[in-house]
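Participant: Heads up: the sequence lines are chains A and B, in that order.
Here this note's numbering is used: the first residue of the first sequence is -8, the next is one more, and so on.
Here this note's numbering is used: the first residue of the second sequence is 513, the next is one more, and so on.
Hints listed in this document are in silico derivations from the structure and should not be mistaken for laboratory results.
Careful, some of the hints might be misleading.
As the list claims (entries may be wrong) - Computed, partial: chain B to chain A, Cβ under 10 Å: (1) 521; (2) 525; (3) 536; (4) 555; (5) 561; (6) 562; (7) 564; (8) 585; (9) 589.
All residues carry an ideal CB built from backbone N, CA and C; glycine is no exception.
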Amino acid sequence: MRVIKRKLFFAWQFEEEESWLNEMSKQGLHLVAVNPLLLKYEFEQRKDKEYTYRLEFLDDLPSSRKGLDYLQFLSDLGVEQVGSFMRWVYLRKNKSSGQFHLHSDLSSRIKYFKRIRMLFIALSPLMFINTINLINTYLRTKSGVIFGLSGLTIIVATFFVTGILTMNSKIKNLDKNSNIWE
Amino acid sequence: MGNKTDNSALTEAVFYILLSLLEPMHGYGIIQNVIDLTNNRVNLAPGTLYGALNTLQEKDLIRPYDTDDDSRRKEYVITKEGKETLMRDLVRLKELVKNGDKYLGRKTNESN
């Protein structure tokens, strides 16, 4: 049986999203398809299985040569892909085969977090330029539509800043440990 | 040689990957071998292993190993440079153990 749930996670809440998916799997609902843009998660209901879900942020698109090479490597290790969204992939592994993490040492986890931070950093200037342009246009035209659009871009820009700050604090925590451990 | 200096330490994951690749192996084989060698203590995560294999290949410490059968799983094997790197690190580790034993052993004796 298929069950559809709708839930909103921001891009920096990938760890919360993982926990939620793992909790659902514990209850017998296993993610089989996802569309984060529509906040749509599709689950298969089965009591006889349990999976560990992980999100990974790739260097390239999942359909690129490098992306496919990595996903093939994972699949040889029993890790299957259930969905993707831009450079995010949703992965799972049968829980009976033991613990499943994608990154087992600090430097590999730090790199992972830095990849995610780069996404926000790369998109931020675009949003700020848009916002400034829209505000300028509004001041000239006093158009209500432009006013609305400026508001929207300010909200999105705020999201990006939040993303950068959240990732910064995660990276800083790991960096501190990496002075002592690997 | 890569651009790392002679006396820098290998990470534990890389040490065990290189050690495993004295014989040709694919990813799954490496993970299993390291689990066996360390009695389940070190369980290499797929993303970490993949990143390490790519970097080791870039630095010519390992190379792909071509087999006759057309299995799609890629196998790797250590290179001459890889072996030299591993030996150098082993000397470093032996020194570490020797000094650790000497100092901690002495401390333990004193407190007894």
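Participant: Now tell me if each hint is right for this structure.
Facilitator: Hints versus structure:
no., hint, in the structure
1, 521, "holds (9 Å)"
2, 525, "holds (6 Å)"
3, 536, "violated (15 Å)"
4, 555, "holds (7 Å)"
5, 561, "holds (8 Å)"
6, 562, "holds (5 Å)"
7, 564, "holds (8 Å)"
8, 585, "holds (5 Å)"
9, 589, "violated (17 Å)"
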